[in-house]
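K.L.:
Chain by chain, the residues:
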Amino acid sequence: MDTAAELANGLDSKDPRVGLRAVSALRRLLEELEALQVTNARTHGWSWQDIAAELGVSRQAVHKKHAARRGLLRRDC
Amino acid sequence: MFERFTHPARESVVAAQAAARRLKSERVGTQHLLIGILEQPDSVAGRVLTGHGVTVPAVEREIAAALARAPFGLGDAEALGAIGINLDEVRRRIEAAFGPDALRRRSGKRGRRGVLSGHIPFTPRNKKVLELSLREALRLGHSYIGTEHILLGMMREGRGMAMLVLTRLGIDQDALRGKILDELREAG
Chain W
1 MDTAAELANG LDSKDPRVGL RAVSALRRLL EELEALQVTN ARTHGWSWQD
51 IAAELGVSRQ AVHKKHAARR GLLRRDC
Chain H
1 MFERFTHPAR ESVVAAQAAA RRLKSERVGT QHLLIGILEQ PDSVAGRVLT
51 GHGVTVPAVE REIAAALARA PFGLGDAEAL GAIGINLDEV RRRIEAAFGP
101 DALRRRSGKR GRRGVLSGHI PFTPRNKKVL ELSLREALRL GHSYIGTEHI
151 LLGMMREGRG MAMLVLTRLG IDQDALRGKI LDELREAG
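As given, the protein sequences belong to chains W and H, one line each in that order.
In terms of the numbering used here, the first sequence is residues 1 to 77.
In terms of the numbering used here, the second sequence is residues 1 to 188.
Next comes chain W alone, as it looks inside the complex (with noise of 0.2 angstroms):
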């Protein structure tokens, strides 16, 4: 199994792989931690537009997104 690292240790950091796959895994770090973060604001009684406002994207994209995990909806409805 070729790992990252082990791609690192033999490779110059501009290797496409190395970094390719860096980006790869935070983009997956990313949206889970959005999705925590959401979630806990959700619970905090935070409007989407606040946290539209912090994530500094639209209040449509942010809803889009998460409204529909559940549990999240009832505030809403």
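Among the clues, some could well be false.
Partial list, derived from the structure: chain W residues whose beta carbon lies under 8 angstroms from chain H [to be verified]: (1) Lys14; (2) Pro16; (3) Ala22; (4) Arg28; (5) Leu29; (6) Leu30; (7) Glu32; (8) Leu36; (9) Leu55.
What the hints contain is simulated information worked out from the structure, not anything from laboratory work.
All C-beta atoms, glycine included, are put in the ideal place defined by N, C-alpha and C.
Please build the complex by placing chain H on the supplied structure of chain W, with the hints as guidance.
P.N.:
Only chain H this time, still in chain W's reference frame:
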């Protein structure tokens, strides 16, 4: 390509989808395909794997262990480490604030929708394994693709979770490959 698949080979692909769904995975990985093959006990590869003591519960146990070690997928911790992000430290802080298991893969709209609608896509690696199964069949001069070719393709690709699982179960790949070829010789 699927038209060349034997009945058990097709069934193993269908069973792999079911295994991915059962294990709540967003993608059908090589580990699910391995389970799919094991669920065809009368197939060549199913027989060989069973003969080596590989069982579905054992495979599922190793998959769970692998995911517990790397919930973001194999290699993500290393990949993030390469750009200076310590995933273990991130997890430690998140769990300190939100409790155990707060940080694990469970988001992903596309994946969630996929799980609900029943269609779970194959990982690129698994597609590669199926391509290689065709190549293994051609190499052996076979006009069909059986479970044995899928397993050989999996070993040829060599880097999927299925291989990790088999290694952790103490399976020697060369012995497995040799046994498959023996079986084919006896049958042929």
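K.L.:
Now look at each hint and say whether the structure bears it out.
P.N.:
Consistency of the hints with the structure:
For the restraint placing W/Lys14 at the interface with chain H, the shortest Cβ-Cβ distance is roughly 12 angstroms, beyond the 8 angstroms limit, so the hint is violated. Taking 8 angstroms as the C-beta cut-off, the interface hint given for W/Pro16 is violated, the closest approach to chain H being about 12 angstroms. Contact between W/Ala22 and chain H, as hinted, is supported at the beta carbon level, the nearest pair being about 4 angstroms apart and thus within 8 angstroms. Interface restraint check: W/Arg28 against chain H, minimum CB-CB distance 5 angstroms, threshold 8 angstroms, status holds.
At about 7 angstroms, the closest approach between the beta carbon of W/Leu29 and any beta carbon in chain H falls short of 8 angstroms, and the interface hint on this residue holds. At its closest, the beta carbon of W/Leu30 sits 10 angstroms from a beta carbon of chain H; the interface hint therefore is violated under the 8 angstroms criterion. Annotation: W/Glu32 was flagged as interfacial toward chain H, and the flag holds, the nearest CB pair being 6 angstroms apart, inside 8 angstroms. The interface hint given for W/Leu36 holds, since its Cβ lies 6 angstroms from the closest Cβ of chain H, which is under the 8 angstroms cut-off.
Contact between W/Leu55 and chain H, as hinted, is not supported at the beta carbon level, the nearest pair being about 14 angstroms apart and thus beyond 8 angstroms.
Violation of the numbered hints given earlier is confined to hints 1, 2, 6 and 9; the remaining hints are satisfied by the structure.
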